[in-house]
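Asks: Take the sequences, apply the hints, and build the full model.
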Amino acid sequence: MSEARFRNPGWAGNTGDFELTEAEVRGSEYVGRRSPDGGHPSVAPSLPYMLVAKNPEAPLLEGPYRERLGKIRSRYPTARAALIPLLNMAQEIRGHISPATMNEVAGILGLSEAFVRGVATFYTMYNKRPVGRFLVQVCTNISCNLAGADEVLAAFLEHTGTELGETSADGDFTVAEAECLAACGFPTCVQINSRYFEDVSPEDVPALLARLRREVDEGY
Amino acid sequence: MAYPYLHESETRVLSEGFGSPEARTVAGWRALGGYQGIARALEIGREATIEEVKASGLRGRGGAGFPTGLKWSFMPKEARRPHYLLCNADESEPGTFKDREIIRWTPHQLIEGCLVGSYAIGASHCYIYLRGEFFESTQVLARALEEAYGEGLVGSDVMGSGVEIDITLHVGAGAYICGEETGLMSSLEGRRGEPRIKPPFPAAVGAFGMPSTINNVETLAATPHILRHGGEWYRQWGTEKSPGTKLFCVSGHVRRPGNYELPLGFPMMELIEDVCGGLSGGRALKAVIPGGSSVPIMSAEECMECDLCYEGVEAAGSMLGCASVIVMDETTDIVKQVRRMAYFYAHESCGQCTPCREGTAWATRILQRIEDGRGTEDDLETLVEISEQMTGTTICVLSDSLAMPIISSIEKFRDDYLALIRTGERLGAA
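Same order as they appear, the protein sequences are chains A and B. Whatever position you read off the first sequence (first residue = 1), add 17 for the numbering used here. Whatever position you read off the second sequence (first residue = 1), add 10 for the numbering used here.
Source of the hints: derived by calculation from the structure; they are not laboratory data. Be aware that a few hints might be false.
[Stated by the list, open to error] Listed next, the stretches of chain A that the computed footprint assigns to chain B, with coverage defined by at least 3 CB atoms under 8 Å from CB atoms of chain B: (1) 47-55; (2) 116-124; (3) 170-179; (4) 186-200; (5) 206-215; (6) 220-230.
All C-beta atoms, glycine included, are put in the ideal place defined by N, C-alpha and C.
Replies: Structure follows, in structure tokens:
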């Protein structure tokens, strides 16, 4: 066994020592494209809410999104239970959850504004202010930390020219620290919008950022 | 090399489909014997299903190790009100990455497990609570669930039996505490994920006020195999008190980190030295956290004779938890890692109980002070005192989870703390 760090399947070009493609690891072919109306009602509350395109002014319940909310509500015995799925949907559309969005959501579900404010501020995945096209969240918890996650975080800050928690001048990247992402055998794990990138080392960072910029151009 | 890396000691029950994209489909899962477990459950009936799982001795894989069959038997015999099965897929315990692997490679294994569990407890609706960060694995599971509905495996008439079981994917929004069973119920109901006092226990008053059972992903995933082959078959692995196989999540300073499915009772040093290829760079072992960050740290000496089963790790002074083995070599800065853990618990405390809300934050500040070389020897006594007051004094065990690594690290690695305090030297830090 060589002394080189053993790499588990993470992402394209970096599937480690294994004969798997990135698509196979991610299951992207099997999943295909999911429709914004949520698909089957059983899975309607599971759609993405971290997309590259963000429009803070967009309406919440137009077309397929209204349909999705209907499906979501049909799966729970109370109106309140639709709150977190609806906040997720609002963030998917607008990119962050502003106080105005919280109030709008409260109105839709017939809940008090104060209650919704309390819930929305409890969960860390709700961005309370706008973020860049890519939200880069580097796990620095114990397993990744042992593998040098602090250096990976520093590399992201350096190559995006931004401060922790802030957004780069071009609006592309917001870099933040994350708590354990449950990919501890594949350190360092970085969540970028909806995708995990695993086995990331500081040297991988420039190429990864270049790839993301290309994906914006390609309309990912 | 094929994924996953397979060691000769491994037993593939849960992990058989890992690394094979075909196993994600209904057809692929059926080819591995899938949906035979639920078929047998439907054939033998609800009571016998619970008895079979009881006979297997399966213990909850979420950390507490409570016998699954017994837990199911707490549910009311007749479903006069709706019963719910809640699958805990909020995997957030630092060091743990097994549930995500089950979901992304073998989604039907989990769906079938949810069917078996729901049927056993008389639930007509199962919610799978996934952590929000699991976007990709959730999409794989969503596609699999749509497929299962399409094939009549889930829904109003499960496999033509007339039994109704719906499954809904529910996605959280980032909060470690939602992995605590009552916190999960609060979150599912659309509230802040704040744990509730027990009793009442979920089997009496659970989600939406109805009788509910909460099981971990790995627990439910094991049940179809038990139903298909029988409880006795499952006991061919493991020990009397810890039967079966378990996914061991190994991370940290080993050459081959990853998930390994091994019989419970497997020797810890064999896992580290043999299965995982030993420590990276051939360095010496310093410490191991055997069950996710919430359990006492073990020194290298304590690891030598330790067998990885519930009773074995307890005898060695720690807990198996969810079998997340975090390996630390001689270059590890223990104080820094404990401070990082404390920061995590302070960040994730829901804030309901004073000993936890204040204690986690206070401990983090003291540990940071020590790490920065501004600590005093009295700080260690203060840390132990705070930790003792954080144990058994709150609604859930989040604060206990920080108290354990603090107390155990001060006890076992006092020299690391003292070196920083006295000379500012980081013992071991490369």
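Asks: Against the earlier hints, flag every one the structure doesn't satisfy and list their numbers going up.
Replies: 2, 3 and 6
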